[in-house]
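Protein chains: 2
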Amino acid sequence: MDICQEKCINREKVEKTIKTIPNPEETIQMADIFKALSDPSRLKIVLALLNQEHCVCDIAVICKQTNSAISHQLRILRTLKIVKNRREGKTVYYSLEDDHVISLITMSLDHVRH
Amino acid sequence: MDICQEKCINREKVEKTIKTIPNPEETIQMADIFKALSDPSRLKIVLALLNQEHCVCDIAVICKQTNSAISHQLRILRTLKIVKNRREGKTVYYSLEDDHVISLITMSLDHVRH
DNA sequence: TTAACATATGAACAAATGCTCATATGAAGA
DNA sequence: TCTTCATATGAGCATTTGTTCATATGTTAA
Chain A
0 MDICQEKCIN REKVEKTIKT IPNPEETIQM ADIFKALSDP SRLKIVLALL
50 NQEHCVCDIA VICKQTNSAI SHQLRILRTL KIVKNRREGK TVYYSLEDDH
100 VISLITMSLD HVRH
Chain B
0 MDICQEKCIN REKVEKTIKT IPNPEETIQM ADIFKALSDP SRLKIVLALL
50 NQEHCVCDIA VICKQTNSAI SHQLRILRTL KIVKNRREGK TVYYSLEDDH
100 VISLITMSLD HVRH
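Residue numbers (numbering that gives the first Met the number 0), protein chains in the order written: chain A, 0 to 113; chain B, 0 to 113.
A couple of the hints might just be wrong.
Any copy, or any two copies together, can satisfy a pair, since identical chains are not distinguished.
Simulated pairs of lysine-lysine, DSS-like, Cα-Cα distance not exceeding 25 Å [said to hold, decoys possible]: (1) K34 <-> K83; (2) K15 <-> K89; (3) K12 <-> K83; (4) K18 <-> K63; (5) K12 <-> K63; (6) K63 <-> K15; (7) K15 <-> K83; (8) K63 <-> K80; (9) K80 <-> K12; (10) K89 <-> K63; (11) K63 <-> K83.
Hints in this document: simulated from the structure, not taken from any laboratory.
Let the hints inform the model, and build the full structure from the sequences given.
Structural data, given as structure tokens:
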């Protein structure tokens, strides 16, 4: 197969780094959070909720998408515990569940803007 | 089309939020960074580079993937300016380009571990 | 109970994504 | 120069993902 593995690897460095890598479950959970923010339309929803809660209909207007598309995306964000909701009559208001998300957003915006 | 847009939106809240949303280019750039970290195998590569540089071959061993798969993913990370590389003879060493990425990783790990 | 309406969800489809396999590139030593 | 080896890359593919359309759910008011 990979002859390289017999010859060129630096075992010490490899062993040392392997110890520092989070376990698979944690890695997948981290990836899931990044995945939630990796789609521009889904990220825009999160950005829309950064300062105040909104109903599905308002989010659809802000994001220029159909209520259905927004609702599907909100379900994903809800499953990942990134947003929470509360019902008020016929209307459902969504807001961010977690301050960590706000930090992630702020940091990546810094990065983009240098 | 969407009758809802004629009736239920809260124009004031919507207008206020629209002003706070980053422009489309920035939003896409932010999403791109998150997308780079959203795939578990690509995230693992970044995690492997968190503390020290490694050659492609070592990364492949650490991540238990073929050199080819790693090389393809490194190209994506290079394009997004998340990793950089230096050549030393036949070997190419990769390391993280940017401290912002380290902060993002650290923060999401915090989030996962509470 | 019935109508109206905000939201949720399942199915289907087009587009994007990650991997594999084969092959190319570029550097070092014989 | 020729061979070896680390890395890079293109094509093809199976899988995943985001959207649309149709329909369901749940709440309010008549």
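Indices of hints not satisfied (ascending): Violated: none.
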